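J.: Please model the complete structure; the sequences and the hints are all you need to start from.
In the order they appear, the protein sequences are chains A and B.
Just so we're aligned, residue 1 is where the first sequence starts under our numbering, counting upward by one.
Just so we're aligned, residue 1 is where the second sequence starts under our numbering, counting upward by one.
Among the hints, a few may not be true.
If we take Cβ atoms under 8 Å as the criterion, some of the chain B residues that face chain A in the derived model are [what the hints assert, rightly or not]:
1) ASN55
2) PRO61
3) SER65
4) PHE106
Take a look, some chain B residues computed to stay more than 12 Å from chain A by CB distance [stated by the list, open to error]:
5) GLN48
6) PHE69
7) ASP84
8) ALA96
Taking lysine to aspartate or glutamate and the DMTMM-like style, the derived pairs with C-alpha atoms no more than 25 Å apart in a straight line are [what the hints assert, rightly or not]:
9) A:LYS60 to A:GLU8
10) A:LYS56 to A:ASP84
11) A:LYS68 to A:ASP54
12) A:LYS68 to B:GLU102
13) A:LYS52 to B:GLU102
14) A:LYS49 to B:GLU82
15) A:LYS52 to A:GLU63
16) A:LYS68 to A:GLU16
17) A:LYS68 to A:ASP55
18) A:LYS60 to B:GLU75
19) A:LYS52 to A:GLU16
20) A:LYS68 to A:GLU42
21) A:LYS49 to A:GLU16
22) A:LYS56 to B:GLU102
23) B:LYS13 to B:GLU75
Treat the hints as calculated values from the structure; they're not laboratory data.
Please read all numbers here as calculations on a predicted model, not as lab measurements.
Glycine included, C-beta positions come from ideal geometry on N, C-alpha and C.
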Amino acid sequence: GNSVTQMEGPVTLSEEAFLTINCTYTATGYPSLFWYVQYPGEGLQLLLKATKADDKGSNKGFEATYRKETTSFHLEKGSVQVSDSAVYFCALSVISTTGNQFYFGTGTSLTVIP
Amino acid sequence: ETGVTQSPTHLIKTRGQQVTLRCSSQSGHNTVSWYQQALGQGPQFIFQYYREEENGRGNFPPRFSGLQFPNYSSELNVNALELDDSALYLCASSLALAGYQETQYFGPGTRLLVL
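T.: In structure tokens, the structure reads:
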């Protein structure tokens, strides 16, 4: 079956620290992979995506590389800011015979302290 | 450009009742997906509608049903409400072209409480 497993939180970092949030997946077929972010009081929004193996998605200083050999899509940022405090969700989409399917991880809460 | 809107923002129902949630997709989008997000969990995919037809369904019972209208807005209907249906219901719209789906844009959600 299809599923997403992401690193449990909460994660607390000091400003300018390096961030890694782990995400691994299982999928039939060829999934697309996503990271979504939910800032306090706001809705879910796409942070970055990768649609095939070895693709790197990047946005706002965040990066993630689609690794088919390790079935992973870890989120990284070299220097976090207080404004990065949010909940981060790893997700995948697959196209099946019955249509599209989407799977989200449980979310990782990040707090960045000054 | 108008974003994804959902109504109502909150509602309270009792067990056994029926509920209809509404979603207006972003201008230019032809696909709507619905998700259920329990507190502290990630969104769970309920189903997707494309050109008024169901185009994928998650692991939800038939009492969860939907509609998409010619203007691409959508409804989620839940019959015989159960306590576990209490959650935030999210709608997301996107543009699908030639089998490729663009980015999903999420609405703010409807928070449903079942007593």
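J.: Each of the hints needs a verdict: does it hold here or not?
T.: Results of checking the hints against the structure:
no.	hint	result
1	ASN55	holds (4 Å)
2	PRO61	violated (16 Å)
3	SER65	violated (15 Å)
4	PHE106	holds (4 Å)
5	GLN48	violated (5 Å)
6	PHE69	holds (19 Å)
7	ASP84	holds (17 Å)
8	ALA96	violated (9 Å)
9	A:LYS60 to A:GLU8	holds (23 Å)
10	A:LYS56 to A:ASP84	holds (20 Å)
11	A:LYS68 to A:ASP54	holds (7 Å)
12	A:LYS68 to B:GLU102	holds (22 Å)
13	A:LYS52 to B:GLU102	holds (14 Å)
14	A:LYS49 to B:GLU82	violated (35 Å)
15	A:LYS52 to A:GLU63	holds (15 Å)
16	A:LYS68 to A:GLU16	violated (30 Å)
17	A:LYS68 to A:ASP55	holds (10 Å)
18	A:LYS60 to B:GLU75	violated (34 Å)
19	A:LYS52 to A:GLU16	violated (30 Å)
20	A:LYS68 to A:GLU42	violated (32 Å)
21	A:LYS49 to A:GLU16	holds (24 Å)
22	A:LYS56 to B:GLU102	holds (17 Å)
23	B:LYS13 to B:GLU75	holds (17 Å)
The structure fails to meet hints 2, 3, 5, 8, 14, 16, 18, 19, 20 from the earlier list, while all remaining hints are met.
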